[in-house]
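Asks: One-letter residues, chain by chain:
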Amino acid sequence: MPAATAEPVQLLSPDGVRQDASGDRARHAELVSGVGAEQLRERYRDMAMVRRFDAEATALQRQGELALWASGTGQEAAQIGAARALAAQDHVFPTYREHGIAWVRGVDPLQVLSLYRGASHGGWDPTASGFHPYTLVIGAQLPHATGYAMGVQRDGDVGTGDPARDTAVLACFGDGASSQGEVNEALNWAAVFQAPVVFFCQNNGWAISSPASRQFAAPLARRAEGFGVPGVQVDGNDVLAVEAVVREAADRARSGGGPTLVEALTFRVAAHTTSDDSSRYRPREEDELWATRDPLTRVEAHLRSTGGADDAFFDAVRAEGDELAARVRRGVREMSDPEPLSMFDHAYAGDHPLVAQERAWLETWIATEPEEAR
Amino acid sequence: MPAATAEPVQLLSPDGVRQDASGDRARHAELVSGVGAEQLRERYRDMAMVRRFDAEATALQRQGELALWASGTGQEAAQIGAARALAAQDHVFPTYREHGIAWVRGVDPLQVLSLYRGASHGGWDPTASGFHPYTLVIGAQLPHATGYAMGVQRDGDVGTGDPARDTAVLACFGDGASSQGEVNEALNWAAVFQAPVVFFCQNNGWAISSPASRQFAAPLARRAEGFGVPGVQVDGNDVLAVEAVVREAADRARSGGGPTLVEALTFRVAAHTTSDDSSRYRPREEDELWATRDPLTRVEAHLRSTGGADDAFFDAVRAEGDELAARVRRGVREMSDPEPLSMFDHAYAGDHPLVAQERAWLETWIATEPEEAR
Amino acid sequence: MTTTATRPAPSPAGGADESTPTTLTLAKAITAALHDAMAADEKVLLMGEDIGRLGGVFRVTDGLQAAFGEDRVVDTPLAEASILGTAVGLALRGYRPVCEIQFDGFVYPAFSQIVSQLAKMPARLAGAGTVPVVVRIPYGGGIGAVEHHSESPEAYFAHTAGLRVIAPATPQDAYWMLRQALTQPDPVVVMEPKRRYWDKGDVTAGAASLAEAPSLHSARVARPVTAERAAAGGAATVVAYGPTVRVALDAAQAAAEEGVELEVVDLRSLSPLDTDTVVASARRTGRVVVVHEAPVFLGLGAEVAARVTEAAFHSLEAPVLRVGGFAVPYPAARIEEHYLPDAERLLDAVDRVLAR
Amino acid sequence: MTTTATRPAPSPAGGADESTPTTLTLAKAITAALHDAMAADEKVLLMGEDIGRLGGVFRVTDGLQAAFGEDRVVDTPLAEASILGTAVGLALRGYRPVCEIQFDGFVYPAFSQIVSQLAKMPARLAGAGTVPVVVRIPYGGGIGAVEHHSESPEAYFAHTAGLRVIAPATPQDAYWMLRQALTQPDPVVVMEPKRRYWDKGDVTAGAASLAEAPSLHSARVARPVTAERAAAGGAATVVAYGPTVRVALDAAQAAAEEGVELEVVDLRSLSPLDTDTVVASARRTGRVVVVHEAPVFLGLGAEVAARVTEAAFHSLEAPVLRVGGFAVPYPAARIEEHYLPDAERLLDAVDRVLAR
Ligand SMILES: Cc1ncc(C[n+]2csc(CCOP(=O)(O)OP(=O)(O)O)c2C)c(N)n1
Ligand SMILES: Cc1ncc(C[n+]2csc(CCOP(=O)(O)OP(=O)(O)O)c2C)c(N)n1
Ligand SMILES: [Mg+2]
Ligand SMILES: [Mg+2]
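Protein chains in written order, with this note's numbering: chain E, 1 to 374; chain C, 1 to 374; chain H, 1 to 356; chain P, 1 to 356.
Hints in this document: simulated from the structure, not taken from any laboratory.
It cannot be assumed that every hint is accurate.
[To be verified] To list a few chain P residues with every Cβ distance to chain C over 12 Å, as calculated:
#1 Ala66
#2 Lys200
#3 Arg229
#4 Ser271
[Unchecked claim] Far from chain C by the CB rule (all over 10 Å, computed), these chain H residues:
#5 Pro21
#6 Arg53
#7 Gly55
#8 Gly69
#9 His149
#10 Gln184
#11 Lys200
#12 Ala222
#13 Arg223
#14 Thr226
#15 Arg246
#16 Asp274
#17 Ala355
[Said to hold, decoys possible] Using C-beta positions, here's what the derived DEER-type ranges look like:
#18 E:Arg284 / H:Asp71: 53 to 63 Å
#19 C:Leu341 / H:Ile143: 20 to 30 Å
#20 E:Glu7 / C:Arg27: 25 to 35 Å
#21 E:Asp337 / C:Leu341: 53 to 63 Å
From the three backbone atoms N, C-alpha and C, an ideal C-beta is built for every residue, glycine too.
Pulled out of the complex, with its shape left as it was, chain E reads as follows (with noise of 0.2 Å):
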């Protein structure tokens, strides 16, 4: 396994030409031999339509239909990268910026959507999509994928050999969520453990105005490895290298040999949210510096130069986004307020009188209110 300090692991240079597969890389490669001209389309296609996704997202929250959004462009390669690593079994804990891999499994759009609108706090089913709720108290659910894992392994969903029934889990988080207690925590747990824990941080150099030199003094990766869990750096800007490189830890999981973290270096283009303003603190080279890395560019580079993919590709992705973001602004504009009374759903599985009385109070005020009003 590469050094903690070796340069990231890239498959595909900037301007879209795949590495010559020597050394590490080769093994690298090797993993992702399988992603040929028809599967990178696919990845330049989940790419595209979730920046398409995230602009249109972006666009109803200067409208007023969202109550705020989270911009996950410019991580497109690690989040599809991430998600296309993984088998149908696994499992994935998010943060709030997992929009790519939440697209890659299958979770409807509109209900990241109506958290964002501020109409739930997630509410989609993690058991259909192995994609669990997004988590807003920053490193919270490190500890739950770790937990998640070590029931895997009770299953004995580790190491069997079977492709369809080994279970990896992955853990997400940022750079600033690496200083958090909990994360550290969770990282050590799984290596004392040894569970099928792949921790992968999106280092896209900020948390909201600190960047990462507030947060750590040496490599993520390096961290990981002070803990016993292998550790690679990755480009994150390239989706094939964050591919190869999830796939060799997920792999490593399943087969029962513990967790690794993956440090994806990336960049987060937009502010921290819509409510951030990031030129109060984010020189703008840096943002001319890695607008020369965009994710998706080197992809369609790639494509075209090897003519794997021509402009009828391109435009069709295009109008398929266009549809997509069309569908999504059609669905929030329509979406309706959740019921007042929901809120007494959830909280409790079973029954709690106090919370039954309340709601009968809730319903009972809400019927007579236009009365009632002064």
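For chain E, the structure is supplied; the task is to place chains C, H and P with the ligands on it using the hints.
Replies: Frame of chain E, contents of chains C, H and P with the ligands only:
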């Protein structure tokens, strides 16, 4: 600086032979070149006194004079070595087992015992001793140490070159504590802010009934490096080696070189506390193995074989220890219980009407209780 | 994964005929409940510090690792946040983790996981999952311990929407309440009155006893006062839970010798509260005192007082009085007797409600 | 250590003549208080996530890093436990850290440090030191936010012995209360009503205003009712704090139009409580309603109700009623208006206390 995976630093072998000074060891040997026979006798005396004190405290607990006792026996070299490496202006943030460091810092042993008697929560003056309160919540003192060190930085008390001014902070913790989020956060903060902290882990092999293997999958010294903090393992039963390694770390901190983690490999000879029964979980062989590595024996062997001390010296130390024990025994037996109303004294430093009212109530209650009694 | 053993040892609560009561300490009643729940449901597993080989610092899990193996009785690293956090993850995978917190004062590193994850996850999942995690916390003072080992943090949990909080006071209640907690779908915090761990009582265990058990959230009239006696005056209601139930019963006995009758209501459940039982008693006696070890200020007694007063205002002859800890950190053990509410202090409050 | 600047910019609260009031938002009043405290005492420093260059997500610390440098306005790593934990250490070194928690729901990772360290350290030190740390928490709902950004965790802190808890509702109170918090010796949790950050009011700043300021723990009668009016009946007391003070004043205005007079008491301090002021009002009106956003169950209202009832039992014409959040996790923003107590709901409770 030594790699985290190097052999633990040792300068005095278990049979009392000063190790030949080549390689890294030469650097460490140099750091304690001032520790000649006289100083070694001092170190021995410290360790013997603390061990005698510890035995007396254990006896006092058995006699019902203390609520509890957490023995430090076996860890004398780690504690005395670390304490002797510090300057007067340095500060220590201890756990609940640092009786040896308390001793060197001049904390009255009776105050330590008053805590374990249940007569106080500590109450010594950290300003006078530079020795902060015992902390019972595992790991909670590590952020305090880092914060204190950030204060030292703000006071300009690092890197001035003035040996009476530049200040280091010793943050003590155990192998078990290393699993706590706060401990890892503190390590990370110290790395990010280059705070003058020496993280001093006494890895005594056990956290109550859990072996260190349940706490980490890689050596702690490597954990430190993952955070960008130099890490070093030292034979924690070798008072000379600990002194050397902590001195190097403290010097680095004081000069502005940032934090270091020192992992002292040692052994908790007794049960976790007097409430614990280590025979339920610890293999006897482990006790037997560590008996051959006793921290006092090796210094005695060295002093005797080199002519640095004779029977007269050891007899004198024993007599002094017995005196200490007698003083402590007397002190504890004569210790009066705190005034009941003292519970209100320091909860707040300023006025607090509710506390004043409750205090007045209890005062009256105590005064009238005999009549009220049914 | 090493599974050290798979054959469950017999339940500490007894043998073949489950309906025969056994005399057990409160601690052993919990052991029995955990044992029987684990035998009944293979998804139940225990997590905590020193709960395996050692059997926990109070020996509550003694023998369970030997009976059920290391995968089901997990000695964890020393990290409460992750004990709770991984329990949430295990619950999402279909397990029923029971987390042991070693002492009350050590639950706070897990507070974020309890309050923001465990308590809120069901609402977040909106029906797409549950997290039936049980958190056991030995709590309260009176055992002569050092700092952080004598606290009563129940109000923090009772104020947290999404949690259920129970506090059994007797071996029998400890048994069935824990068993019930381990078959229902919501997170439950169990406040275990550690200074009563060694109190003994009869326990009927097994499925039969569960079938007859009341709702998890019903209070218990631990000592009733007849309607006639209550109507005649000179009676009062004392509301207690956990360690203070014994205090209340002692006070009631002393009061009876002076001709004052105390109806003792053991809340058992702190959230939700069985307000009906308390209000019914309050209506009959017209005088109520609540007693707990936690600081009076914003302790459970505040809620009981406010709620009972609202429901029974016109039946009350005196304001509901509260007896409990002071607004200071729990003091050193040598003076804790002056901090803890005892029968004397309770009777003083009873005198005051009777005098109005 | 890089010190970027040392010359304090002028206080947002104004210029040379400190006694002239300036109109400020509540947020800017806090900025002014922090600025002036930092200028007055070089030991005051600020710590938190994004408080430097960005000026905090609510811009409360805007300009302060430029004015006082990076050593005194510290952008921290993303770790609340350590924000509080290092603050305790800094305080032990003689500093006065002000910790900003970005949103209410993110304070829990620091809970152990707050409850077991900050609150208990003075008792542990027994006079050998103090830890005057101030913790600022923007709290409460009504801003249309996503999960964890609308909570009201004040009861957790108010129940914690060793802490002082304040909740200013006006720019002027925010100014002097924060200044006072920064000159007294105990830890203080400041609950800042985030949805009132943009409310404006006159602020008299500077040392002069501090000299005249009341005790940090005095309640404020925000709207008085005359003794005659109270005696005549048809009056009630509404107890509010933080964001619900505005709700109470709105309700009072609406009530007045219907001939009902409401005396509005703004608690301002949640721990300790200024019980005297509330009880005096309760004695005059005989009817009391408490309103807050936190769940009613074991919220501040429980303590106010219990305490007022105990002190003014025979003056009360009706039980103290409580209006507040429900026993469920804070709901999605689109329905939060149904969760939050508003003037209508408050008036409904007023009707009920008046009807008894
Ligand atoms: C415990 C906690 N503290 C603070 C916040 C506020 N907050 C939301 S996102 C964020 C920055 C996260 O940065 P990072 O982990 O790098 O993820 P990114 O936003 O870059 O994807 C902060 C501080 C939070 N959500 N949770
Ligand atoms: C937060 C917290 N959890 C649990 C405990 C109970 N406890 C006290 S000491 C201890 C073991 C500590 O082990 P280690 O850090 O190795 O220190 P040692 O006792 O070996 O010196 C535990 C679990 C505690 N004091 N604090
Ligand atoms: Mg980031
Ligand atoms: Mg240890």
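Asks: Now tell me if each hint is right for this structure.
Replies: Tested hints:
1. Ala66: holds, 18 Å
2. Lys200: holds, 31 Å
3. Arg229: Answer for Arg229 (chain P): holds, closest chain C Cβ roughly 29 Å.
4. Ser271: violated, 8 Å
5. Pro21: holds, 30 Å
6. Arg53: violated, 4 Å
7. Gly55: violated, 8 Å
8. Gly69: holds, 16 Å
9. His149: violated, 8 Å
10. Gln184: Answer for Gln184 (chain H): holds, closest chain C Cβ roughly 30 Å.
11. Lys200: Since the minimum Cβ distance to chain C is about 22 Å, Lys200 (chain H) lies beyond 10 Å and the statement holds.
12. Ala222: At about 20 Å from chain C, Ala222 (chain H) clears the 10 Å cut-off, so the statement holds.
13. Arg223: holds, 17 Å
14. Thr226: holds, 23 Å
15. Arg246: holds, 17 Å
16. Asp274: holds, 29 Å
17. Ala355: Label holds. Min Cβ-Cβ 14 Å, cutoff 10 Å.
18. E:Arg284 / H:Asp71: 53 to 63 Å: For Arg284 (chain E) and Asp71 (chain H) the Cβ distance comes to about 54 Å; the hint holds.
19. C:Leu341 / H:Ile143: 20 to 30 Å: holds, 23 Å
20. E:Glu7 / C:Arg27: 25 to 35 Å: Distance hint for Glu7 (chain E), Arg27 (chain C) holds at roughly 32 Å.
21. E:Asp337 / C:Leu341: 53 to 63 Å: holds, 57 Å
When the structure is compared with the earlier hints, violations turn up for hints 4, 6, 7, 9 and for no others.
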